[in-house]
Structure formats: structure tokens, C-alpha cells
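A.B. asks: Following the hints, position chain B against chain A.
Line order of the protein sequences matches chains A and B. Start counting the first sequence at 1; every next residue gets the next number (full-length UniProt numbering). Start counting the second sequence at 1; every next residue gets the next number (full-length UniProt numbering).
One thing to keep in mind: the hints can contain errors.
Identical chains blur together in the list; that is why a pair holds if it fits in one copy or across any two.
Unchecked claim - Cut-off 35 Å, straight-line C-alpha distance, at most; resulting in silico cross-link-like pairs (DSBU-like, lysine-lysine):
hint, residue 1, residue 2
1, K469, K398
2, K398, K249
3, K59, K249
4, K402, K469
I should point out that these hints are in silico values taken from the structure, not numbers from a laboratory.
2 protein chains.
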Amino acid sequence: MYEDRIRQPELRQKIMTAEEAARLFRDGMSVGMSGFTKAGDCKALPAALAERARQEDLKLTLITGASLGNDSDGLMAQAGLLARRMPFQADASLRKKINDGEVMFIDQHLSETVEQLRGHNLAPIDIAVIEAVAITEDGGIVPSTSVGNSASFVEQAAQVIIELNLRMPLSLEGLHDIYVPAARPGRTPIPMLNVDDRIGGAAIRVDPARIAAIVVTDSADSPSAILPPDDETQAIAGHVIEFLSGEVKAGRLTPALLPLQAGIGTIANAVLHGLLDSPFAGLTMYSEVLQDSAFELLDSGQLDFASASSITLSEARHETFLQEVERYRSRLVLRPQEISNHPEVLRRLGIIAINTALEFDIYGNVNSTHVGGTHMMNGIGGSGDFARNAHLSIFVSKSVAKAGAISSVVPMVPHVDHTEHDVDVVATEWGLADLRGLAPRERAELIIERCAHPHYREELRHYFRQACKRGGQTPHMLELAFSWHERFRRARSMLA
Amino acid sequence: MYEDRIRQPELRQKIMTAEEAARLFRDGMSVGMSGFTKAGDCKALPAALAERARQEDLKLTLITGASLGNDSDGLMAQAGLLARRMPFQADASLRKKINDGEVMFIDQHLSETVEQLRGHNLAPIDIAVIEAVAITEDGGIVPSTSVGNSASFVEQAAQVIIELNLRMPLSLEGLHDIYVPAARPGRTPIPMLNVDDRIGGAAIRVDPARIAAIVVTDSADSPSAILPPDDETQAIAGHVIEFLSGEVKAGRLTPALLPLQAGIGTIANAVLHGLLDSPFAGLTMYSEVLQDSAFELLDSGQLDFASASSITLSEARHETFLQEVERYRSRLVLRPQEISNHPEVLRRLGIIAINTALEFDIYGNVNSTHVGGTHMMNGIGGSGDFARNAHLSIFVSKSVAKAGAISSVVPMVPHVDHTEHDVDVVATEWGLADLRGLAPRERAELIIERCAHPHYREELRHYFRQACKRGGQTPHMLELAFSWHERFRRARSMLA
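Bound conformation, chain A alone (with noise of 0.2 Å):
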């Protein structure tokens, strides 16, 4: 059984039911999980240690590449199995459990996880499950639709735990380039030089002495949530598509532009997909996420070359995809996640990073995860990775949400996850505010001309030229700074 899947005789006889497997762990152990914005996660141990949890003490370190599908973070933490959770998720049962102090929550740059396993900052993971499409005769376990952390998982592992996939297709098998920094001191540079190269092998490595169990599964991904384009993210798409045609214009960029990164959901998929109808062509991405946009982008012929680490789609774009690897094989590579995510890689590559946020500030500075300032979303993804090293970092974010009782520019936001520093340009479907070489004041001048929505403008213009009268590099009043937000905590409305 399973001869094309597990091409050594003897690992056939470690096959186990997912019950069986999630008898092996114990209370307060450490995790990893492969598993990336929902795709190439594990369908099958999840259910079956919520299950364990719900019958005696079980608690966990949870570790993934970033979130997971199939409602196991949710059923994970339900049954209370989930003491430490990290670095990533976008579950609302566990989002709950975090809010309340239940689920501690270590939101992380995405390219850092395993550098701090590594490094030893982390304690050492103990068992690692990873889904994979085959193991090879070598004692190489082949991933699915994503590879995340979990090359490493495998390689810091004491014991290993496969869900091998029968839905995934054996033609994934080649789609993928596993490369892992050595420990340091020592390490040399990674040879990445193009967003096409190739610099690992084909499989993740592993001794297969330490493969403690094989559970055969045969679930799909979990579909992208993403919503279609709007009349309000083409509006977005549309000044981003602007402002890099003036970038070529201008001689700073080539219609080939640079490497494009988007971030996950709905408003940077629609500014990739703006992209079918721009002049530019030969475009590159290097990316940690490639949804639909991106195979939209390959088909058009836009878009010579997609590197990331994992593939979410649409429930139909990811039935097809499955069935025409072949047709994306020569144009696609699946990285891991501190490869995809890379500083030294990024600012090599010099990419164009086009990320969302949840509300940014007169002077620049981003929110991304909390919302109200305190309440976690999803985490910080790779966003940070990307904005920071990036040739030019994009935040994209509607004005006003909740039908215009948040405006989305605000004087100053409550939670800092990208600072003026790493922010290049903000666009909201009212405009594009292009901050490059601008001091702070010059900044919040275009930013509330630019991108505020009318109904919060004034009031903005009137909050900046007060706190000017008080002075400072980044004029503000502190006592008025989050008044927006105060106002929507007890009125569930900013607008004065």
C-alpha cells in the first residue's frame, strides 16, 4: 500500500491512525505544525489531540508556519489544548481565547520563528507534524501546498510525525526548494540571487529513525476567504498602479518593476489583480503567500515567475490547480518561510511590498494586528519582514470601516507594528500619499489630503494644526491623540 507515497518499504509499517499518533505526545511539550495561511496544514492530529485534551490535562506549545485551515485552531483551543500559540493565526475561537488571557499569544516576525528555535530563544520543539504529498526512497519528506517552518520543525525535531495527504498530488512533488541557514557562527550567505533560482533540495531531509508515525489523510486545504473586488480596493489598486507607472516614468523603476510582494486578503489581492490591466510586463514575485491574483497573473502572461511559501486559493482556483501543476511547474517555487521572508534576501532582491493595514496614522506609523489597540486580529505575518527591507513598502487600507464609524487614518495609532521608518507610501481608495524623503509634518499634510475619508478630514487637519502650535518633530496632544478611539469605545462611533 502506498508504494508511489512511501518509497521506503519499512517507514510503511510506522502507519498509525491519527488517534494513535496523538498518544505520543505529552503535557507541555513544543509543536510545530507545518501550515501557512491555511494550506499544507495538518488535518488529521489537530481533531485528534483537541480530542485528547478533552478527555485528561493535555497542554501544548503550538508552532506553525502561520495560520491554520479546517477550524483545527479553533477546535484546538476550544478543547483547551493550546497553552502557548505562535507565531500566527487567524482563527476567531482561538483569536477569542487569546483576547480573554486564556491562549498566550507570541506574535512574530514570520522569518524569525525558526531563527529563535535555532538560536535557542525558544525551547526546542519536540515533535513535528508535517503534511506531505510522499516520502522519497532518500528520506525525504515531499510538502504539500506550502512548506512554512517546516524544514526546520523536521531538522530540530526529536520525533517526527507525518500526515501524508492522498488528495495532494504526487505532481507537487519538484514545486518545492528547501534551503536552511546554518547555526551561527559559521553561516555563510544564502545564494539566492533571482526571485528563479534554485538553491536547496527538493525534499525536507530527515533520518527516518525519527519518523514515529505516518497518518494518511485525504482532506483539501481550506478555501481562501477573500472577498471579490470592490468599487473601493479598485480604487486602491488603481493608485498603486498609478504611482508605479510614475515610477517608470521617472526612470527609478523598468516596466518589469521590481520582485512584488502582497500580503494576504482581500485588499492586496485586488491591487495584484488591478495589475492585469497595467502596462507592465516580465513582473516577478517574491512573496510568502500567492493567491488567486498571482495564477491570474501567470495565466495572463504578466507574470513570469511566482516565489513563495505557500499557495492559498479559491475553492475552484485550488481544484484546478491540483489538477495543472504541470502547466505552473516551470514558473513557481515553494520556499520556506525564512527564505521567502528573508532580510538578507529582500534587501538583496529590492522588492515592492504592498501590505495591509488595519488603520495608520497622520505621520505614517501602521497598526496591522490590534484592533482598538488592544485586541489582537491575526499577528504581524511577514509584514514586517517585508516593509522593513523592501525597495518600496505599500500600505494599502479602505478610509473608514463599520460603514464609516472608523475612519482608518487616525492622529495616532494605539498599537505600532510598522513605524514611519519602514513606510514608503499609504493609499486608500481616496488616494496615494507618496512619503519617500518627507519629514513627519510633511507627511501628515498629505496623508489627511490624500487618503483620510471627507467626513474625518477636518477634523484631522484641526487635531495637526493644534498639536503644531505645541511643537515637536511629531506634533500630537496626547491627551486628544486617541479620542477617536475612545469615542468608538463608548459611542461604536469615531465621528464626533
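C.D. replies: Frame of chain A; chain B shown alone:
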């Protein structure tokens, strides 16, 4: 004349006075000047340009490595010469003009300024003014006590003015290692594997035709203004060394640690000074500036090698160093600040970064720059380059300022330079909080109990407890988050 220092005879015809050289500048130009933490700055042109600005309309964008000495920034600011200034400064008069909104100050990560110039995100440099020890036969500018951004300024500028400083000994030649990354796309890895690697040439290449003037000077660098260690800085040093000793004991570091970086200023200098009495040996530094403490450690033999972009010393040590360069030659290198601070190199080496915070909050967010959240002190400098990419990112501060009227540990910082994602450890004279792998709520308890001054602890506990009742990943009561800063603004004390 000057045969030993101007080794191309025809260049000697370009010698002129500073006043004559100042006539080469036109209103609105962008000027790149050498100088980093008061070392290797231009001594003559700033005064000559200030004099011209007092006579006629002359406004410039001034870009340097970092801060200038000799009151140059103040002189130029007071003369109205500076329209725009980046990426760092440390002058009282200029600071006032910045905070009054009269000079537009762009506060940048020190590794990024020349990257932004090279990528045309900033307007090009019209004239570079570089202090030099000599100009070689083959057209190489030998910098003096700093490299800063000088190599890229020279590469990019239309015209180059050299300040040949006779006070700087020729023995400085050979101390520098000049490597400039290529433009993108097409950049290759920076081939630096160890702190003592030399990867470039000893001088800054320049086409002699672009040298517009040579101005001969004979002036010393300004001495550093650091204070000697006191009880509190010694206590901070003690906590950091105890922490590092624990890392060695736990097998996470060797007694050689990892390459050290220490920010400019009294506290970071005191921490390094404290290493004299530590059990560590075979140390290395990969920093942006070397202060007195680095030379004490070189002299004691505990420091094997030091790499930086500038040398900023007390008056006595500066004199000794210039007389005894030979003694240090094999254990010292000065690099462009883009390389001393480069994310690629820092992440590869895995440095231990020690930087000073103006204040930090109970969740570990750090304000390095803005007094009261609004008024610029000096600038972010390289602290962000180092903190983001370090193996360990440590921030230090005295727990109180102004005789206890200001707490450096606050409910929320009113300006964020370093987010909790980039801060592993914080320490004051009271103790050290190891924040690795902790969620914000856990960080808060540690920071309050270990680092806050006892006079402020109970109110911080109360704030945190009350905030937790409202829930959230990072609990806050926004209406009270800045109440301490407001108290200080009104009553000159944060104490209730």
C-alpha cells in the same frame, strides 16, 4: 606641498579655501557630508557655508553619516542653511529648529540612507564633502576616523570636495574597508562571513575629474561627551553580564558570546566597560561606533577584534589612539555604515545588540527618540538595524530621569521606534526582564516587577490589572495610557 597626502600632482591645483569651495554650492542642492557620531566630519565647509547663508539665500538638503562635531550642525542651522536634514543629528540648536518645524528632519535607519539614494527614493546628491587623510596615486580617498556614508556619497555625487585634514595621521591609511553593494536588480551577496573579513578596498574610488576642490584643514574631531560609569549604569551592566553568563551556563552561548554591538552613549558604554570584569574572552564587536570601552577591552585582551563605522573617543583617548594606530591596526576595521549596519550581515553573524531606550512600556515597546512622544532628541540611528536582526536585542535605560520625576517604564510609550517584536531583553538598574518567548501579558508582569522604579511599580500594577479587565492581547486603557506623560507636561512630574 602635501606630496605625501595629495599623491596626484595635478590635483594639488584644486586646493582652495573653504570660502572659495563654498561658492560651488547653489540654493536647493542636496549635499552629502562625511561625519558619523562626531568622527571624521568636515571641519571647514560647514562654517564657510553657514557664513554664505548669512549673506545670501542658500538652503540645502544636508545628508550625513550621522551626527557632526564642532557645533557644525548648530552653526548651519542657526544660519538658516539647512532646509532638510537626514538621517541623524545630536545638536541642541539644530534640535530646536527641528522641533520648531523650521528644519525638516528625516529620521532614518542608518543602513538605509544610501540605499534610498541608490534606488532614487531620495533626490540625488549634488556635492559630496568628505574629510580625508590622503588622496592616493590612483584616485582613492582615504577617510579619517569614520567612513559613514562617504563612499556612496562620492560614488553618486556630481562633484566632490575633499577636506584634507593634516591633523589626522597617515597611519589611519589601511584601517578602512570600503565595499558598496551594487544597484538592484542584479546585486550579489555581501561576502562578509566574519567580523574581521576585509571585503573591499582601503580607499574610496573617485574619478579625479569629479574632484572640484580640495580644502586643507588642521582640526581635531570633537571629543565624545559620555559620562563615566555611575552606580546605576554599573548596576545595569551587572544585570546584563549576569544574563549573558546565564546564557553561557545554559550552553546557548560560548564564553566568546557572539559579535557585540553597543549604541552610542553613556549607558551602553558602561555595559561594555563592565565586561572588563567579566569571565568572557575572545570577544568580537560588530558595531557602528567604537567608544572608549571598546579600546579598554582591546587593551585588556578580552576583545579580539572590533568592526565599526566610526571611532568616537574622549579627548585623552582620541589623542592616544591617533598616536598609536599601529597598536590596533590588526584588530580594527572601519566600514561604510551601510555594511556595519546591514540586515544581511547582522542576521548572518547573529549579534548581541545593546542599545539605549529613552523609555519603554510594560509590553516592551521602545521609544528611542521622541521626548514626551513629540520632541526629537537625536534620531533612531542604527538601533533599528541592530535590534531587528540581532540574535539578542537588549535595551537598557535608567529606571527614572529628572531625579525621579520621569519614569522610563511607562504604561504605553507615546512614540514607538522598536516594537515588542524586536525587543528580547530590557534592563534598568533594578533588574532585567528576559522577554523571549513571552506573550505581552507575561512581559508586562516581568517588566513591572524587574525593571520599574519601586516608586512607580504599584501604579503600573494597578494600570495593568485594570486594563486586563477590558481584555485583549495587549491590554490598555487608552484614556489613561498617556496619563503619566500628561501629568509631567502639566506638573513636571509623572508621580501621582
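A.B. asks: First find the shortest C-alpha distance between K398 and K249 inside one copy, then the shortest across copies, and answer within, between, both or neither for a cut-off of 35 Å.
C.D. replies: Classified as within; 27 Å inside a copy, 51 Å across copies.
A.B. asks: Measure nothing new, just compare the shortest in-copy and cross-copy C-alpha distances for K402 and K469 to 35 Å and report within, between, both or neither.
C.D. replies: both (33 Å within a copy, 25 Å between copies)
A.B. asks: Under a CA distance limit of 35 Å, which applies to K469 and K398: within one copy, between copies, both, or neither?
C.D. replies: both (30 Å within a copy, 31 Å between copies)
A.B. asks: Tell me, please, which holds for K59 and K249 at an alpha-carbon limit of 35 Å: within, between, both or neither?
C.D. replies: Intra 57 Å, inter 29 Å, cutoff 35 Å: inter-copy only.
Violated hints for the displayed structure: none, as all numbered hints are satisfied.
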